[in-house]
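A.B. asks: Given chain B, put chain E with the ligands in place with the hints provided.
So the sequences go chain by chain: B and E.
The first sequence: position 297 = 297 (the working numbering), numbered continuously.
The second sequence: position 224 = 224 (the working numbering), numbered continuously.
Please keep in mind that the hints were generated in silico from the structure rather than gathered at the bench.
Treat the hints with care, as some may be off.
Restricting the straight-line Cα-Cα distance to at most 20 Å, the calculated cross-link-like pairs of lysine to aspartate or glutamate (EDC-like) are [what the hints assert, rightly or not]: (1) B/459 - E/144; (2) E/108 - E/163; (3) B/455 - E/144; (4) B/347 - B/329; (5) B/459 - B/206; (6) E/25 - E/214; (7) E/108 - B/443; (8) E/108 - B/444; (9) E/151 - B/429; (10) E/151 - B/430; (11) B/455 - E/89; (12) E/18 - E/51; (13) B/45 - B/35; (14) E/182 - E/132; (15) E/14 - E/51; (16) E/18 - E/221; (17) E/212 - E/179; (18) B/347 - B/421.
Model, not experiment: these values are computed from the prediction.
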Amino acid sequence: MNSIPDTLEGLISLEYRHGFETSIESDEIPKGLSEDTVRLISARKNEPEFLLEWRLEAYRRWLKMTPPTWASVHYPPIDYQDIIYYSAPKSQKDGPKSLDEVDPELLKTYEKLGIPLHERAILAGVAVDAVFDSVSVATTFKDKLAEVGIIFCSFSEAVQHHPELIKQYLGTVVPVQDNFYAALNSAVFSDGSFVYIPPGVRCPMELSTYFRINAKNTGQFERTLIIADRGASVSYLEGCTAPMRDENQLHAAVVELVALEDAKIKYSTVQNWYPGDKEGRGGIYNFVTKRGDCRGARSHISWTQVETGSAITWKYPSVILRGEDSVGEFYSVALTNHRQQADTGTKMIHVGRNTRSTIVSKGISAGFGQQAYRGLVRMARSATGARNHTQCDSLLLGDRCQAHTFPYIEVKNNTATVEHEASTSRIGEDQLFFCRQRGLSAEDAVSMIVNGFCKEVFKELPMEFAVEAQKLLGVSLEGSVG
Amino acid sequence: MLSIKNLQASVGDKPILKGINLDVKAGEVHALMGPNGSGKSTLSNVLAGRENATVTGGSVTYQGKDLLALAVEERAREGIFLAFQYPVEIPGVGNVYLLKAALNAQRKHRGLPELDAMDFLALVKDKMKLMEMNESMLYRAVNEGFSGGEKKRNEILQMVVLEPNLAILDETDSGLDIDALKVVSHGVNSLRSPDRAMILVTHYQRLLDYIKPDFVHVLSDGRIQRSGGPELALELEREGYAWVGDATNEGVVAP
Ligand SMILES: Nc1ncnc2c1ncn2[C@@H]1O[C@H](COP(=O)(O)OP(=O)(O)OP(=O)(O)O)[C@@H](O)[C@H]1O
Ligand SMILES: [Mg+2]
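Bound conformation, chain B alone:
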């Protein structure tokens, strides 16, 4: 009778918009992983001895480890010998000295992605570090930031120019043996971003990194390290895309944040890796370890993530609240559609007195999407007066998707308080009917309802990225009416 069915069944599909591939010559090493691979990567990057040793230590430990099996995600075993561990755009061998030296093809790619690398960057006031496959290709605004003593550069550059900072902080938040993927990353990481904000400096602009996997059969293992010294503050955003491919690609990143006394780090992610097609072919395996250390008193670390991409997401941005009165936050929107799987959440480890943490997790599942929230709140014996509040909501579209909640709570100090609220709801046909009865299209209605559901998280994102995130959710959900 009606030309447009108002059921929610798969109100939810649009072609992945970033699925193009850039043809640039790249310098790759052969597939496979051995001690020699690790040495080769380190040599290509001209690394100091201590770093090579650190990598080798990680590699040896990784050999003895097995992939975690406790997460609610399912995938065939990964052949770690069938992956290329280093791929760099060829012309970048010696590293670009300025934007003019960056391959124009590459710049075009970033333009297609909507990344403000040139004047647009200035308008937006965003400093961008762009990581293409394994190598950081351009960092804008470096000079301007240097004036106030901020170091914002690729990880490789930091290794060359600030080895003492790398030596002091690398692996102090996520030790090499932390988990299988973190160990792998530590052994073979190729590049990433490095940020250091000196004491008392508030970073005058949003810092931002875009990651893109381009080359085939390539794993991406980037490593990000952000240090906010005493009284410093910074807001950092990370975005990700990848071309469409039928095979799965591995992305195993590590992000370490260190906040000293009175420092504040806000880390926002908009993750839109290729999720695979409707039947679940292809897509990125996103196995990421992100952790912040509130090392100083009154320090503050906040994670905000909008996860709409990847075939599989395994990710738990966490905060260790060591300093007295330190604050940890986790705001998350995760969307799984079609055959996507996500097992995501956070860990808040309260060590210091009067530490506080807030967790707001919004999970949206559609199609055959599978999603689990997994959150740990640990109140150590020393965490007198510590408080946590967790709110964990799931929204289901259609009846073939699933959402699960696994809260783990460990309290060893009886003055600590932990609150947990959880809800699961379905986008009601009644809500959808109501919006359409007022004149909105079904797609606009779903997008509006979903955005309303995510509002508490979106308001934590920097303004321009909040808009981007809203659009992304709209895109990920629209398309199958009719």
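C.D. replies: Just chain E with the ligands, lined up with the frame of chain B:
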């Protein structure tokens, strides 16, 4: 404006509407009464295009178009408005946001320019005065935490902002206190015009004291059993519905 012919609809396998005939002309107000479960909401929903009831027979013509062939939002944009018996909550979506999106979707459909934030706000504030609503309601999530009466008032606010051609009000009076009933009726009456029509679903005469209907129909067992003028409502108030079932004069059409 609206012509319903032998309309039949089922929920699941259960026939609910068993042959409704009703003609509504521009400028008219029709009251639709009848016992609980008789199919009043089902009829309202079928007219608005909700698919939980399946149309199994008959036809509906609206402004010369085959209404049943239109999608829900197309009907809305063509000027059909349904005030819900049980208004829906939408957490996190601001009232003002929904209203603006709805109005602009409808204006676009009619080839009118979309209103910008300033013009829209001026319009909606004006309408809120009419509905004696506090402006803070604009910035709250749609119906979330609203009292029963506030929700009903909010439905009518949407109606006066959208200015529909055919308004179907499903028990908008239920749950309203005496003062609110007056305000809501005032809002509804402000929309009465020779180009508009209304169908008021109600159980109570008191609404009809404020909004004078031209015709009253009694729906029972999926059919309109009786039709008449305003006096029919008074009769019902006195006698109840017990007797309407006897008057199985199928296919009574409003004169
Ligand atoms: N989803 C459903 N499943 C089964 N029966 C249903 C469903 N929806 C409606 N019905 C039945 O359809 C009949 C008509 O319901 P409807 O809501 O239209 O009545 P109404 O006249 O509006 O009643 P009220 O005055 O109580 O609002 C009722 O018997 C109701 O139980
Ligand atoms: Mg009803």
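A.B. asks: For every hint, state whether the structure bears it out.
C.D. replies: Consistency of the hints with the structure:
{"no.": "1", "hint": "B/459 - E/144", "in the structure": "holds (19 Å)"}
{"no.": "2", "hint": "E/108 - E/163", "in the structure": "holds (15 Å)"}
{"no.": "3", "hint": "B/455 - E/144", "in the structure": "holds (14 Å)"}
{"no.": "4", "hint": "B/347 - B/329", "in the structure": "holds (10 Å)"}
{"no.": "5", "hint": "B/459 - B/206", "in the structure": "holds (16 Å)"}
{"no.": "6", "hint": "E/25 - E/214", "in the structure": "holds (11 Å)"}
{"no.": "7", "hint": "E/108 - B/443", "in the structure": "holds (16 Å)"}
{"no.": "8", "hint": "E/108 - B/444", "in the structure": "holds (14 Å)"}
{"no.": "9", "hint": "E/151 - B/429", "in the structure": "holds (19 Å)"}
{"no.": "10", "hint": "E/151 - B/430", "in the structure": "holds (15 Å)"}
{"no.": "11", "hint": "B/455 - E/89", "in the structure": "holds (15 Å)"}
{"no.": "12", "hint": "E/18 - E/51", "in the structure": "holds (17 Å)"}
{"no.": "13", "hint": "B/45 - B/35", "in the structure": "holds (16 Å)"}
{"no.": "14", "hint": "E/182 - E/132", "in the structure": "holds (11 Å)"}
{"no.": "15", "hint": "E/14 - E/51", "in the structure": "holds (14 Å)"}
{"no.": "16", "hint": "E/18 - E/221", "in the structure": "holds (8 Å)"}
{"no.": "17", "hint": "E/212 - E/179", "in the structure": "holds (18 Å)"}
{"no.": "18", "hint": "B/347 - B/421", "in the structure": "holds (16 Å)"}
Consistency with the previously given hints is maintained throughout, with no hint failing.
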